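Q: Start from chain A and add chain B according to the hints.
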Amino acid sequence: MSDPWRDSLKGFNRRVDTAFNKALKRIQVKRGVGRMAFLLFATFVLFAILKPDVFLSAVNLQTIGLVAPEIGLLALAVMMAMMTGGIDLSVVAMANGTAITVSSLYTAVLNSQGQEAAESMTPLILLAGVAVGVALGAINGALISFVGITPILATLGTWQLYNGLALVWTGGITVSGAPSGLTSMGTSAVFGVPVLLLILIAAAVALAVLINRTAIGRKIALQGANPVASKYSGISARSTLMMTYMTSGLLSAIAGLVFLSRSPSASADYGSSYVLLVIVIVVLGGTNPNGGFATVLGVVLAALTLQVVSSGFTAMRLSAYEYAIAQGVILIGVMVLDQTKFKKRKRRRSTDSEEHDALAEATTK
Amino acid sequence: MSATLRRLRGANNEGLLVAVIIVVAVAMSIASPAFLSSGTFFALVRSSMVPLIFALGVMLIMISGGIDVSFPAIAIFAAYTTVKWSVDGNLDPGLVLIFVIAMVVGGLLGLFNGVVIARFRLPTLIVTLGTLTMYKGILLTYIGSLYISAGELPGSVTTLSDVHLWDAPSGGYLHFMVVPVVLVAVLIAVMLRWTLFGRSIFAIGGDTEAARRVGIRVVRTQVWLYVLAGGLAAFGGMVFVILGKNANPQSIVGTELDIIAAVVLGGASIFGGRGSVFGTMLGVVLVQLINNNLVLVGIPSTWQRAVVGILLLLGVTAQALGRAGANKRPVMIEKEAEA
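Each protein sequence line maps, in turn, to chains A and B.
The numbers in this note's numbering rise by one with no breaks, and the one at position 157 of the first sequence is 157.
To convert, take the position in the second sequence, counting from 1, and add 365; that gives this note's numbering.
With the rest of the complex left out, here is chain B:
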């Protein structure tokens, strides 16, 4: 493969993903002329915002070598609890404070995940599966199980629900929330690339023992990572409430597989040490593109789950085959050293 081609492909197959997205989009516009409209595009942007935030949290955990499935429960727990408090207290603390409260709640739930996982070195999937149902159970039993409609939500939240950044003349609009979402994505990209914390996450995911030996405090970094992931989930949950203009404690949980599929397609490896914000964004766009437009091109909506499953399997197959190729080299070097 020539150098230009390799650069185009990207470190985590981002280039390949762009190509796949273009192929899917072209195929869809051939199957249905209605696909090519600004409405479709802005709907895609709108529906990708919340999954992107969740996916970034999952990606961070995956880079560190774990997997998190508890984020939907943290998201709705934090968002619903915050909204419920302000509704019950009959006060509107303002948008900034609402986000801060939600993210503190989310951070605390993430802290519990982090302490259990890092301190006792337990399998991340099993622990977060446990906390997923635990958090959802606590939310519905002790905090509330009733739907909060637009009329009851704090005024600052409902006002923001209707703020559009830009109304496209040919249909569709860009919601204001795209600004904080993009800002968060950029901040995470910067953090991963240029901060000690970000590099530590990669180091832990690449080789935990090596990371410990170069002086990274593994347990502390992991705990903070889960706190951050919890805070991100809570942020996503609040954006979800604002975009949907209601707070339903039964929502969000059940979407975790779509998000994990997006992150894996985006090139993050479950073995840790690999992943990028750009790749994750592309993964989210691909999954949402298919979820949004299957019906439009004439495939019944019952196919949605199976198609995402196939996508996930294709993504992990590509990764596994790539890894098998990459693994061959070190063995040869070892043999040469022996000779």
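Just chain A, same shape as in the assembly:
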């Protein structure tokens, strides 16, 4: 055996080792992702074993792919708010606002100018719907950043208000009608993957880039991790929060379009059980409820997992109420688990001399 050969083997070995450690570290840092990938796999296998005939049927798998996108989009919207240490309770109301706008506009044009005009104006109508969602998000942002209302109360109030205005507009009934382009999108698939799922993936990728690769993403994370430090770093809390809640409105608006594409009707009360479900997904996906940390991939995986659990429950003939119990148990269980883990980590770190030095340095300044 020649020495150079041995050295190169050694080098290769070392490289593999560091790459492996890096990968391992990444899994640990992105605490939501590794856990969620495992949970998604585990729940899928569990229900596949328990009820293979129903759960593994093509219809059921397709349903998962069709329902997960709207929930996933709403979860990403809440995740944005939670990253800054806030919360957005009005996401479902904003999505319904968009859906009702698009549906009513389409019906109005259809009745006054006929089918052809309504179809040709579809892009404009969709744009108007999205604009409504973003505007509602901007109202949230203005109340939180300019007026200074705490996010819980601001979005609790706007949830009630947007929902109430939708009730007034529709008179409490379901409005029907949607552009045919939108409804055909809801039923089509590319290589067996529903288009709606592709929309969720596209939105998630765009959001991941925004959060991890742009300055505004850093600002949002820092705002949530430490608002005071963020302020002294010269970051404008107002524009950051404004941006966050407008993005949340935009994501909700896209979710509203997905509502409409699945069934061509909209009402003020659609998805009233989504508010809790979406928060469960966001927390389960590894988002810190106190702000500063979130992973897009974790939240998307959590949305898929919850949808797998939901359809698994249906396959097992369990009721919606039992699914609600499961949601509550998962939410509280995950938070308690995270908290105990976090405490342990903190205790270990506080004995670290490194932190003591940093602390000493900070106090002498």
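A couple of the hints might just be wrong.
Cβ pair distances, simulated, as ranges [what the hints assert, rightly or not]:
hint : chain 1 : residue 1 : chain 2 : residue 2 : range
1    : A       : Leu-318   : B       : Asn-613   : 21 to 31 Å
2    : A       : Ile-201   : B       : Gly-571   : 44 to 54 Å
3    : A       : Phe-38    : B       : Leu-476   : 30 to 40 Å
4    : B       : Gly-571   : A       : Asn-212   : 36 to 46 Å
No lab work stands behind these hints: they were computed from the structure.
Bear in mind the structure is a predicted one, so any value in this text is a computation, not a measurement.
By construction, the Cβ of each residue, glycine as well, lies at the ideal position given by its N, Cα and C atoms.
A: The following block gives chain B in isolation, referenced to the frame of chain A:
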């Protein structure tokens, strides 16, 4: 602002709220002459009783710096379970025992909230949102989902449903349940003002770390607080069953935003350390006044939710602006100290 004016305004803007209620009442009586009657007044009292009890529980939690949205589920869980037990067992344990059982059930559900929140220091909104659906799910899955009508309710409950304290000659009546409700409100006011427990709640809400340093057992106080809030919710749930003369497991849940709006309007701050029984009572009256009489003055009932939403936003806006004004002073003192 002169001292008299400040006193009139009250510590938590109670005076302002009284003024708003008077303005709303005057506007309503101008819009509809039918508004000014004793019937309207007694209907308002009657419809405010249950929300007041719920609001007091929410207010206590808010003073301690949290928010509770699980109270409607606790209320109907405790009340329905108690009634169902006595119906199934075919016995009538008497009113006192019924209230005791319901409040023990409510207290236990509150205990779970309290332990999870205080022990693990988790965000109160998210935890109670979780327990809200959990409790409702458990009630409907494992205890019962059927409506219990007046004929099946225990005799002592239905008898109390028809007891009037006073029948007004010009229409309307004062229900007997107003007595225990007012008694509970007074007890809570006394507790908040003159007991160690009450002052501890304010201290924890004002500054948890400072409260811990002066020797208040924070976790224990918080747990007992959630038990108390659970018991109050159960009490409210029983009053609801007595006034409605039926037990419907699908009721109450869904009214939480009206209650929270009332508490916030009443001057309680979500940041803790602020709130009063009198203010909360005024908040409840304002919300009920609007909910009851919108249709009477010609506004369609579909507007109800939006109007309460606007009220809530106005209330929190006033609070936020007030806080922004109050925050300016300490900064100046800090600067002076530096100089």
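Q: It remains to establish, for every hint, whether it holds in the given structure.
A: Evaluation of the provided hints:
1. For Leu-318(A) and Asn-613(B), the hinted distance range of 21 to 31 Å is satisfied, since their beta carbons lie about 23 Å from each other.
2. Checked against the given bound of 44 to 54 Å, the beta carbons of Ile-201(A) and Gly-571(B), roughly 47 Å apart, stay inside it.
3. Range check, Phe-38(A) to Leu-476(B): about 33 Å between beta-carbon atoms, so the 30 to 40 Å window is met.
4. A beta carbon spacing of about 39 Å between Gly-571(B) and Asn-212(A) agrees with the range 36 to 46 Å that was offered as a hint.
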